[in-house]
Amino acid sequence: MADITILLADNDRDFLTNGREFLEANGYRTLEATSPQEAKNFLKTSRVHLAILDMRMENDSDEKDKSGLNLAKTTARSVPKLILTRFPAYQDVVEALKQDPHALPPAVDFLDKRKSLDDLLASVEQVLTKYVLINWDLIIHWETVLSFSRLIDLIDPELDKARLADRTAEFEDLWRTLFRQYAQITMVDLLAHGPGYVVLSVFAYDNDGLETQHIVSCGQKELIRAEMANYQTAVSGQSATAEIVSDNVAETVHFAANAYRLVHGKLEELVNLKMFFHRHSPHETMDAIERLYKESLGIWYETGRYDNREQTVRAFYQGWLKRNPPNPSESELQQCIEALCAKTLSAGLGRIEYSAHFLTFHLPTNGFAAKYPNPIACLHDKRAVGQDFVQWGRTHGRINLETALLDENGSAYLLDFTQAGQAPLLHDFVSLETAVKLHLPTTPHLHNRYTIEQSLSTLSDLNENLDGDAFPNPPGHIINAVIRIRQLAAELTGCEYNAYLSGLFFHAVKHLFTYQPDLYYTRQALGAYIHALVTTAVICQKLGGEPLKQDNLPNQAYEGLWIDKINQDVWVKGVQIDLTAQDFQILVYLYDHAGELCQRETIIKQGLGDENQEYDRFQEESRLNSAMSRLRQKIEPNSQNPQYLITVRGRGYKLMPQIQT
Amino acid sequence: MTENITADYNLMVISDKPDSPWSTTVNEALMSLGKLYFFAERDALTQIGKQSYDLIIIASGDIDSDMGVLVKQLHASRPETPIVVTTNSPTWRRAREAFLAGATDYVRRTLDKEKILLFYKKILQ
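Protein chains in written order, with my numbering: chain P, 1 to 661; chain F, 662 to 786.
Check each hint, because a few of them may be wrong.
What the simulated footprint calls covered on chain F by chain P, stretch by stretch (three residues with Cβ under 8 Å from a Cβ of chain P suffice, anywhere in the stretch; the number is not a length) [stated by the list, open to error]: (1) 755–762; (2) 765–775.
So the derived list for chain P, only partly shown, Cβ under 10 Å to chain F, looks like this [said to hold, decoys possible]: (3) A89; (4) V93; (5) A103; (6) P105; (7) V108; (8) F110; (9) D112; (10) S116; (11) Q126; (12) Y131; (13) V132; (14) N135; (15) D208.
What the hints contain is simulated information worked out from the structure, not anything from laboratory work.
Glycine included, C-beta positions come from ideal geometry on N, C-alpha and C.
Model the full assembly from the supplied sequences, consistent with the hints where possible.
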């Protein structure tokens, strides 16, 4: 049943009363305003389907008073309006009714107030029929626990609760307009959401039960309008490859919606990248990632790309962070990280020691500790991260685990064009790599997250390979996916490694910005924050301008493995390593014979200090094996593929403190 | 600096008085915009079906039949084409009728060629 609200605005209270009673007797709800300001407030905040405005709302005697017309021109243009006046003039009619190519005209009818209320009613009914295209009979069925009010909460969490009922009703009007030609819609799933918008899968049925499947972006009006503009620029221009097409659009005062229809494929057979990753083999996942970038996005990157020498990667991302709140201050961020470190410890996920200059990652097993510069310094140090110039072009801007749907064969359907536009081409790649690393691992522990980042940090080129199969799954599967993303970034964007790392840094920072110390997080969510922190620290060290050095450390400490025998410290690539006394002894022995083959028996006797004791071969061999395994865990980037502590099969070991390149 | 206008628009002018001072003035003022086609009212609907036009100008007052009906029919036939109703004697009722029928604008006629050119050039752009 129709639920129409009409705003009546007139400084003549008698007319208002008569008009209200008449319209309500004809089944309409009314709102009354006696001044332009009051009418403006209603139009901006309330759910109004039609506004009837008196021309002279301030002074009936003043022929210059056009307050009603001025209000119609400037406020809520998506709401159709009637102008009433006792003093009609053709110039006012032209001003009110003249067509606007971008919106409804200020008014859609102009009436002589001296006429009867029946004439007014006839005009009201004509206007409602022509301009208020709400299908009141549309059946809206929910296959999800969502509701319109819940969606409003996602779109506008700061909305004054007093306005929620009105805003929810307006949102429902939007959907009844968007799908007005159908008999029923079924709201199936929330596919993605971000600040100010949501993306849903919707099945629509006509009167004969014929089904069409839609992906609907809806939310704050300006954002969704921009999304449609981005879609038209980026996607519809390549209609031969477009997997989704725009089917319909609708707007209300506060909201807009774009309904897209799938050209091929069925929505119920599509899954997002996160689900695809878990359901398919690593090989299939990497194929799907390749198809996403080469088939769905490849044509975007080919068109209109250019070398941008005016804006560094850093400058782009600083603007990007500002446009995408929250944006904590430096001191707030310090507090957040400190709180995150404390929460990590209390959750039993590992120990991260925080100081103004360093982060030290202590791992819960085997006493390993790795020290890195505090990444906040990199964020604010202009010399540090992102001074590169790279190729720019058209990017999606929000490639993550939710914004691409994949079918069984790995063909991708892009969603959410709210952030599409001109950006560094690497943006889409670092975006997905960050999402894969932060949100796909099922283990939240610092050790696991650190292993991924530390392994990746051994690479020095986007095309360099790291065999994820050498790692247990996870993180092996994740590492394989990341390597593939990087290789595609190199192939399709030509960007340099350091620029890519800079992009990763800023994406990780963005995730850290969302951490709220006062909230309780699941272990999985904490794991993502821990990973973001590790990422920023590792990259900061890799890129951060001049190396952050300890006092008096020689270069060997940063170039490979170095032992400070006086202080009994071990350093690997600038990171101090904690060893047990026995492991240190063995390592020192090998270090003193660096590059030489050291036989197992000699190591046992010299290294384990058992020279004078009876040598129980079996027991001591076992001890040595354990010690070597522990040492590799601590000093090697990849203990499965040692670079420092080399086994000479059947004979012994050799230590190579400086890796030969 | 004189602006050289090169355009290739097709403009339809509906008037039963093609030799009137107004028709002559409009023809001279707008010839730089492209081709002007003058049709009597009885031929306009037939012609609109034969080719598309970039703009339709109706000399209301120079036609016999109901302007609102004509505008409605033209708009139904070519909804994308702007329709301007011109008149020597504008009234608010006629203006309302024109707009509700689908007109883009409703203007008092002038014989100022520069004003005519500026006005229609803006609509076409």
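Now the hints, each set against the structure:
1. 755–762: Answer holds; 5 residues pass the 8 Å Cβ test.
2. 765–775: Per the Cβ count (4), the hint holds.
3. A89: holds, 6 Å
4. V93: With a closest approach of 4 Å, the P/V93 hint holds.
5. A103: violated, 14 Å
6. P105: For P/P105, the interface hint holds, since the closest Cβ of chain F sits about 8 Å away, which is under 10 Å.
7. V108: holds, 8 Å
8. F110: Status holds, d = 5 Å.
9. D112: It holds, given that the least Cβ distance between P/D112 and chain F is near 8 Å, below 10 Å.
10. S116: violated, 16 Å
11. Q126: Holds, because the Cβ-Cβ distance from P/Q126 to chain F comes to roughly 9 Å (cut-off 10 Å).
12. Y131: violated, 12 Å
13. V132: violated, 17 Å
14. N135: violated, 23 Å
15. D208: Violated. Min distance 29 Å.
Hint violations for this structure: numbers 5, 10, 12, 13, 14 and 15, all remaining hints satisfied.
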